[in-house]
Structures are given as C-alpha cells and as structure tokens.
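Novice: Heads up: the sequence lines are chains A and B, in that order.
The first sequence begins at 1 in the numbering used here and counts up by one.
The second sequence begins at 1 in the numbering used here and counts up by one.
Sample of chain A residues at the chain B side, in silico, Cβ under 10 Å:
#1 P8
#2 S94
#3 Q97
#4 L98
#5 W100
It should be emphasised that the hints constitute simulated quantities derived from the structure, not laboratory data.
Glycine included, C-beta positions come from ideal geometry on N, C-alpha and C.
Take a look at the letters that make up each chain.
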Amino acid sequence: QKEVEQDPGPLSVPEGAIVSLNCTYSNSAFQYFMWYRQYSRKGPELLMYTYSSGNKEDGRFTAQVDKSSKYISLFIRDSQPSDSATYLCASGDSNYQLIWGAGTKLIIKP
Amino acid sequence: DSGVTQTPKHLITATGQRVTLRCSPRSGDLSVYWYQQSLDQGLQFLIQYYNGEERAKGNILERFSAQQFPDLHSELNLSSLELGDSALYFCASSGGTSGEQFFGPGTRLTVL
Numbered sequence: 001q002k003e004v005e006q007d008p009g010p011l012s013v014p015e016g017a018i019v020s021l022n023c024t025y026s027n028s029a030f031q032y033f034m035w036y037r038q039y040s041r042k043g044p045e046l047l048m049y050t051y052s053s054g055n056k057e058d059g060r061f062t063a064q065v066d067k068s069s070k071y072i073s074l075f076i077r078d079s080q081p082s083d084s085a086t087y088l089c090a091s092g093d094s095n096y097q098l099i100w101g102a103g104t105k106l107i108i109k110p
Numbered sequence: 001d002s003g004v005t006q007t008p009k010h011l012i013t014a015t016g017q018r019v020t021l022r023c024s025p026r027s028g029d030l031s032v033y034w035y036q037q038s039l040d041q042g043l044q045f046l047i048q049y050y051n052g053e054e055r056a057k058g059n060i061l062e063r064f065s066a067q068q069f070p071d072l073h074s075e076l077n078l079s080s081l082e083l084g085d086s087a088l089y090f091c092a093s094s095g096g097t098s099g100e101q102f103f104g105p106g107t108r109l110t111v112l
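For reference, chain A alone in the conformation it holds in the complex:
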C-alpha cells in the first residue's frame, strides 16, 4: 500500500461545475498537506497548504483535511478550462519529506 493514494483519472467535468479531488494517506505522523497543480511538462505549482486538520480557502479553491479518516480533498468552484491540469497531493511529517500522490488528471470541457 502506498502512503498516499490518489486516483489518476482522468476526471472530466463541464465548465462551471464543482470539482472534487481526493487523496487518502496511511501515515498518522503526517502533519502538513499540500496540493500542487501541474500543467503539461511544466513544474508543479503550489496551490494550497494546510497544517493539521481543517479547511483552507483561497478564491475558487478549498482544501480540506480530515485526519480522523486520513482523507484530504481539494474543491474547485466554478471550474474553468484553464483549470485543466494534473493535480498532485502531497503529505509530510516533521522531517519535511513529502510523500506524493500519483496525480489526478483533470479535464474541464468548455
């Protein structure tokens, strides 16, 4: 079992829909959780950072962490074609080593 599991997709949704991307993790020591967006053949870009449990909102993006179920989510409201990318989740412990999910390919259809 991988420490961070993420469905590779692709996930295809119509423009304007709410997108839900999810990861599960197995290591209880993980304290911080991140979502990165990667456009094709570009460097991953940090979207959201969350420490411990709870929600964080930034514009159209909301990140949620539920440590009791070891579940992390990223919601995108009013999705746009420019949101089409691969979304990577990552989790880390106090050693600052990130464990990465495989990435979910998201396609927003105009």
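Since the structure of chain A is already known, use the hints to place chain B on it.
Specialist: Then chain B, alone, in the frame of chain A:
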C-alpha cells in the same frame, strides 16, 4: 515564477554519455530536492540536500549523483545514460519549517 531556476531547459544526448543538470534555489532556501518525472508518470523523489549535506535519498540510481555547493546551488550528475533515463528532472527548494517545496521549470532530458 517560483524563484527556482534550472539549466539547461532541454538536453539531448546519446546512450552512455554523462550530463550535469543545474539548479539554483530560491533566495534563502537551504534545502534542495531533485525529482524525476517520466512521461505521464508521477514525481519520483531522488535526493535532498540541506545546506550542503545530503539529507535524504529516494529512488536514485547508483549512476546518478548530486551535490550542493556553498552558494547553495545544486547539480545532479547522470552518467552511463540509458534510454529509460529520458524524463523531466525537477529541482525544488524549501526554506522554512512548513515543508512547502517550490519547483523549478525542469530540465527535459532526451537520451537517444
């Protein structure tokens, strides 16, 4: 722009050759990470340096090596190259205690 720079952007070479990839971290960041990403694959962690010292190793082949210099830039050396080494190589840097990593634009390596 993340503030992390990588050179060169593209590299085309032949099997058996040796190449060096260079990374300059964000100003003030002490940690540098190297990742490999093959076509349509996830990020594979290779190695981490912190202030000149090796901190962690991932799935790095023995043919690969890295170092971090006193000015904190880092180099990844790939030798005896094989076709399967063709990939994107990313460098990331981190400086604070939050664990966030900031990625460079990558070097695309093609081995023919």
